[in-house]
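Asks: So the chains spell out like this:
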Amino acid sequence: MKGNSRFVISVLAFGYAFLYLPLLSVIVYSFNDSQLATVWGGFSMRWYGELFKNSQIIDALMLSLKVAVSAATMATLFGTMAGVALSRFGRFRGRNLFTGMITSPMVMPEVITGLSLLLLFVSLQQLTGWPSQRGYGTITIAHTTFAMAYVAVIVQSRLAAMDESLEEAAMDLGGRPFRVMIDITLPLIAPAMLAGWLLAFTLSLDDLVIASFVSGPGGSTLPMLIFSKVKLGVTPDINALATLIMLFVSAGVVLAWAIGRRMQKA
Amino acid sequence: MSRQTGHSDTTWQRIAIALPYLWLLIFFLAPFAIILKISFADPVIAMPPFTPTFGDDGALQITLDNYAFLFTDKLYAVTYLKSVLMAASATALCLLLGFPIAYGIARAEPETRNILLLLIVLPFWISFLLRVYAWMGLLNNYGVINNLLMWAGVTDQPLAMMYTDFAIYIGLVYSYLPFMILPLYATLERMDLDLVEAAQDLGATSTVAFWNITWPLARPGVIAGCLLVFIPATGEYVIPYLLGGPESLLIGRVLFDEFFTNRDWPLASAVAIVLIFLVVIPIVLLQRNQARATENAA
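Heads up: the sequence lines are chains A and B, in that order.
Take 1 as the starting number for the first sequence in my numbering and just add one per residue.
Take 1 as the starting number for the second sequence in my numbering and just add one per residue.
Careful, some of the hints might be misleading.
[To be verified] Here are the simulated EDC-like pairs of lysine to aspartate or glutamate, each with C-alpha atoms no more than 20 Å apart in a straight line:
1. K231(A) / E247(B)
2. K231(A) / D165(B)
3. K229(A) / D257(B)
4. K74(B) / E247(B)
[Unchecked claim] Quick list of the computed label-pair ranges, beta carbon to beta carbon:
5. P187(A) / E109(B): 28 to 36 Å
6. K66(A) / V78(B): 41 to 49 Å
7. A13(A) / A46(B): 54 to 62 Å
8. L24(A) / L202(B): 40 to 48 Å
9. T205(B) / L166(A): 46 to 54 Å
10. M162(A) / L64(B): 51 to 59 Å
11. S206(B) / G100(A): 34 to 42 Å
12. F14(A) / W215(B): 15 to 23 Å
Derived by calculation from the structure, the hints in this document are not laboratory data.
Note that the Cβ used here is the ideal one computed from N, Cα and C, for glycine as well.
Given only the sequences and the hints, what does the whole structure look like? Please build it.
Replies: In structure tokens, the structure reads:
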């Protein structure tokens, strides 16, 4: 009983049109020569040229990339530890609290996470003098905290789907748990760690609300800069920037998907 | 599940638990205590702009003024209610649209299925902010949709869509739809389609088969999807800010403005504490649902 009814096919068509037409319109209008974002004034690439002359955008992009690489790396480290602990170490004291703290940051409204971390940083600064200024460091800590949850869940579900017989066999053959972990478990979860890193990287690049809370004066990430411009309405240079981001991200995702499929087939 | 060997409690395992555990205690749990503390303080013009919990003489100085204000000023009650209702309606709309999509993907041929799934995940990787921004260009009085409608002669003057609740709904459904589709797809894909076929062979209509077989089996996915949409949507800030009008105040935006524009940190903290109480029940439900799903899968 394969195949879909006409109703399901029409909803699918509508759903995908709904998801993609808005993005398509941004791409089309990014080539609009007119200063007014909604009036078509002929084809032009001028807004792309303006982007690269805008040092504010380049600075914000650099800060965002720096934060995303650091946060994704730390999140992968801690998230992998947490994922392995939750799926392979059985029961340990405080496990329920641990599970709760791992999953909550994923759904917690961003305004709450942002506010709570800023208040923590302000209190810490009063008590210890650290962090003396907010920016790269504080945003990285904030992003690590919510992104590690995603890594932990990905690693955990990979381990849950993986049967333990390989690890058990290695232990039966006299492997010490630590060696078994390094030689058997880690290589098996490496794809999940890579997927987790990429997701953490994207989430960090994407975050606006939490970064707005925990950043200080001068430390603007790319989404913060875009938001401050977009508040005033649709502008052609943001259309161009959005198009570049979409193309870049789509290429990355499709590439990762193709590699994943080849690995599955091999 | 996991087998306990003699050396399970080794040092490296303790470290693997302790590092992420400590990190989350400091950067996730402890901040809530600080919000709670500040929500009982008075605002002052200083940095930081609130009174300390203990005065110079060591006396405890806490106030319930912020909460009293929240519960007596009708604006806040209305805003909370409106945020929850809008999030719930947007969740229902996501389910209505997402279920047939997830169902269609789960029943497509494997090759098509992979591509359809990729196309659902792709927008999720593209910036949330930019996806909301895309709708600003569409819904504007002189935006793409109005231009099309006027060109087609449907209306003579632009329809006011931007800066309305309608625009907020569009933004919420658009942004959160993948969160609904993915868990739904995960349960529907595992479902044994022979069951539906058997029911239909035994004379059940497709409606009866749907409500008696497909729907109950899909329930864990429905619950997960609904909660994944509802919880973050309740505190949403960007969508109401960019697409909503000045009168469509939602609680996420009130919190943000109270904090940044009015610089009233204690009141913003109290707003956050009440919001946490509102979302903590759905969060616990979500965790139960996920735990049950993992147990069933094991």
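Asks: If a hint holds in the structure, say so; if it does not, say that too.
Replies: Going down the list of hints, with the structure as the test:
{"no.": "1", "hint": "K231(A) / E247(B)", "in the structure": "holds (16 Å)"}
{"no.": "2", "hint": "K231(A) / D165(B)", "in the structure": "holds (18 Å)"}
{"no.": "3", "hint": "K229(A) / D257(B)", "in the structure": "holds (18 Å)"}
{"no.": "4", "hint": "K74(B) / E247(B)", "in the structure": "holds (14 Å)"}
{"no.": "5", "hint": "P187(A) / E109(B): 28 to 36 Å", "in the structure": "holds (33 Å)"}
{"no.": "6", "hint": "K66(A) / V78(B): 41 to 49 Å", "in the structure": "holds (42 Å)"}
{"no.": "7", "hint": "A13(A) / A46(B): 54 to 62 Å", "in the structure": "holds (59 Å)"}
{"no.": "8", "hint": "L24(A) / L202(B): 40 to 48 Å", "in the structure": "holds (46 Å)"}
{"no.": "9", "hint": "T205(B) / L166(A): 46 to 54 Å", "in the structure": "holds (48 Å)"}
{"no.": "10", "hint": "M162(A) / L64(B): 51 to 59 Å", "in the structure": "holds (52 Å)"}
{"no.": "11", "hint": "S206(B) / G100(A): 34 to 42 Å", "in the structure": "holds (41 Å)"}
{"no.": "12", "hint": "F14(A) / W215(B): 15 to 23 Å", "in the structure": "holds (22 Å)"}
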